[in-house]
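Asks: Those sequence lines, one after another, are chains U and B. Take 52 as the starting number for the first sequence in our numbering and just add one per residue. Take 64 as the starting number for the second sequence in our numbering and just add one per residue.
In short, the hints are calculated from the structure, not lab data. A hint or two may mislead.
To be verified - No farther apart than 30 angstroms at their CA atoms in a straight line, the calculated lysine-lysine pairs in the DSS-like style are these:
no., chain 1, residue 1, chain 2, residue 2
1, U, K128, B, K161
2, B, K434, U, K452
3, B, K419, B, K513
4, B, K386, U, K128
5, U, K128, B, K287
6, B, K459, B, K494
7, B, K93, U, K104
8, U, K422, U, K214
9, B, K143, U, K104
10, B, K231, U, K128
11, B, K386, B, K472
12, B, K230, U, K195
13, B, K459, U, K195
14, U, K232, U, K146
15, B, K514, B, K494
16, B, K459, U, K452
17, U, K450, B, K143
18, B, K230, U, K104
19, B, K143, U, K456
20, B, K230, U, K128
As the list claims (entries may be wrong) - Listed next, with one range per pair, are the computed distances between beta-carbon atoms:
no., chain 1, residue 1, chain 2, residue 2, range
21, U, L378, B, T127, 44 to 50 angstroms
22, B, E199, U, G393, 55 to 61 angstroms
23, U, D411, B, G244, 57 to 63 angstroms
24, U, M455, B, D337, 47 to 53 angstroms
25, B, V346, U, Y449, 46 to 52 angstroms
26, B, K513, U, E203, 46 to 52 angstroms
27, U, L90, B, E101, 17 to 23 angstroms
28, U, E203, B, D246, 29 to 35 angstroms
29, B, A222, U, Y449, 35 to 41 angstroms
30, U, A272, B, E101, 46 to 52 angstroms
Computed from a prediction, not measured in an experiment: that's the story for all the values here. All C-beta atoms in this analysis are idealised placements derived from N, C-alpha and C, irrespective of residue type, glycine included.
Chain residues, written in single-letter form:
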Amino acid sequence: MKATYRIVLLAMVAMVTGFVSCSDDDLGPSIFDTTEYPLDRTAITFPLDTFVKANFLDPYNVRFIYKMEDVGSDMAKNLTPASYEKSVKLATLSKYLWYDVYEKYAGVEFLKENSPRIIHVIGSKSYNPTQGTETLGVAEGGIKITLYGADELDENNIDYMNKYFFHTMHHEFGHILDQTKLHPSAFNLISSGHYNAMGWSDVPDSVSNGLGFVTSYASSAYSEDLVEVSSTYITADTLKWIDMLNTASYEWEYIDTEYGSEFEFYNAQETPFNIDTVGYFKQTDNGDCKIYRKACKRDADDHVVLDEEGNIQWLHDSGINGRDIILEKLELVRKWFNDSFGFSIDDVRREVQQRQYLTDADGNFVYKNGKLINRLSRKVEGDEQGRTLMEVLNEEVYKFKELMK
Amino acid sequence: MNKILASLFIAASAFALTGCVGEEDDLFDKSAAERLNEVSGIYTQRLASSEGGWIMEYYPQNSTEEAVGYGYLMACKFDKNHEVTVGAKNAYTGSQYKEETSIWEVITDNGPVLSFNTRNDVMHIFSQPLDIPGTEDDELGRGFEGDYEFTITSLEEGAEHAMLKGKKRGTYNRLTRLPAGTDFAAYIDDIDEFCRTMFPTEGANELRLVIGNKSYNVDGMNAKMPNIYPSDGDKVIDKELETYLVTKHDGKYCLRFRSPIGKGEETEQEFIYDEAADAFVGVENPNNLLRGLVSSDLPVYLTTDSGVGIVWNITRMNPATNKFDQLFEGLYTGFPAYNKSYTFNSATFATSENGKAANISLSYKVGRSSKAVSYRYDIAATETGVTLSNLTGNNKDSENLMNNIPELKAFLEALIGEHTTTLEGSGFAVKSMRFTSKADANYSFVINRKK
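For reference, chain U alone in the conformation it holds in the complex (with noise of 0.2 angstroms):
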């Protein structure tokens, strides 16, 4: 018996041994290139390496990667690199529209903590050829942000600029914030039942608005609804936001139609007093074809039908007051920025817009035509050079090219 257990003891011995006979060694280097390697100054792309290095990465460890990756974009698809030339006034917008607002309001620390670590360009656009949709950028897990169709990026077009950059950085942002910090669980309950994760697309904004959603995107999930609240009130102009508010203050409804038929509808019309009556018509990718239009009291034979004084009488019959359901949502949103973040987004909004559109000395907004004054595309006021800010802000970059080797 003694025999045995020394023998057992042995080999218990050695099996230990075994397992443990390895585990002194050094681990050795490691396999990932450790070093620091200075920017090269002889590459052509060093101006802009340079700036996305002093502005991004130091500051805030944020990769700002332009030079397509596409290991790190969605492979199944088919997408192409943003050009050089774009990638500048993308990288230099996103300091000036987003990362110095956010500095200015919010502080370092905060977008050290919570700014994505990679910020990804696309050139293109990214489509869903099956559902026939637009992937506008993506978010993945709080670390990186896509953006698409950078070739498109066009200072002088405010709008597109929102839709495809800022407008997602926005909103991307938000979902990161989202999932850091829990926003109010009241608003995932104002719209409960009223979101539409497979239809939402078909659907037009305005018919969303009247719904309660700042866009149909938001219908989609309260998730969505969220980040979609607060990256439209940031980016919309006070104009388009007002507009988006009277749109939600009605109610829509959609009438059937084929495609080519639309014409016959709209000549129909005895008296189309406006065009929110008459109707707007949308072919939805599945090829179904509706007019959507305010709803409105009508008789029998479809046409609106005036009070004594002559006025449209609009209809509130379903009990939803979309105008209402959006500002509540903002009213949360506000709170949730406030109490979990400790800044205002009305701040961060004013300051975008400031930076977007011209201001006079006291800093309201100058209209023309009664449209607001794209800031981005004039002329700096006392700059020798004559230079439009769009072109002082590259500068930041091209500056660099002195260091050029």
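Based on these hints, arrange chain B on the given structure of chain U.
Replies: Here is chain B on its own, set in the frame of chain U:
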């Protein structure tokens, strides 16, 4: 029990002693990442080393579909500062030479990978997810689906060629070194001109490909995607489409198919044009040839499906013997002699019925109205040409005119009999051929391909 335990002890000891046998300390003196960076530097230097740049044979996809299945030439100049100039002339550059600069790098995400990683309109038009102009399908979201990143599968120091493999689509795209000082636009124009000369749209454009002991007909070289089918096979049933590109290297024109051609043991992918032989000679095996038609091909060409659909003009201007000229001139006098309002216009020759029939068509005017009549012959191959027999009019009008215009009848009947057929000019662009009566060498004429 003790035996079992002893065995267990020995096995465990052996396990302990062999636990680290597989390890090798310091096999490499650098980390994997550092070695990859070095590789990137080496290939960067090699690509940038060509002062004249490279010509890339680019294939978006391994497909035989229109546009996406074609090959495209792109001239690339890689600079050390990571700027690349890409030049091309194709349907998507408006058929004009266009070049654009952008950024290139050798990245190492999948071995050494050549990446055109900022937008270049000339290169990325084949990768962008937009509809392709000029095609029937809507390709939004797909486009050409071509690569702009390529795994470098071979690029030796100072090599004349490099091979790139598309990272997503897997097509092989060859780079060929260009001489210092190469003008990209002039280089591409030169190749365009060569292709137009060799494979003109107005030429007969049916070539013969010989690989090993197998012979193939190559139909439609001017259409970018020729049909390569066995010479003893059928153009439709045995259809095999393959695209190709022509480059120029060391002063010689190289025709390289996207994939090797040939079935069985022997294949050939690349051919170099030999001006003296007027043929493309195989690089692997000089006995493999891509050549135009020669006179001895004409009997089969004219009596099979190969020649069907091509119309040949017979005119006063074509070279011919006096005897033929006299018969042909007779048509000009014969028609008005029959009826003053009749004027003879022109004559054509064509084959039909899978090469079993030859047709002479004559156009003429009655007053201001244009009319035409056709006559059919049986056509059969001989050793040196063809035999025409059994002349018939294709309808009553044809018969009526033949019976009432003696000059017409004489012209048509003179064609009956055996003719030797010979090529006039290059066989790559068969524009004309000569018929000479076997019985009477004084009866000879040339027909020209109708444009």
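Asks: Could you tell me which of the hints above the structure violates, numbers in ascending order?
Replies: 2, 4, 6, 13, 16 and 21
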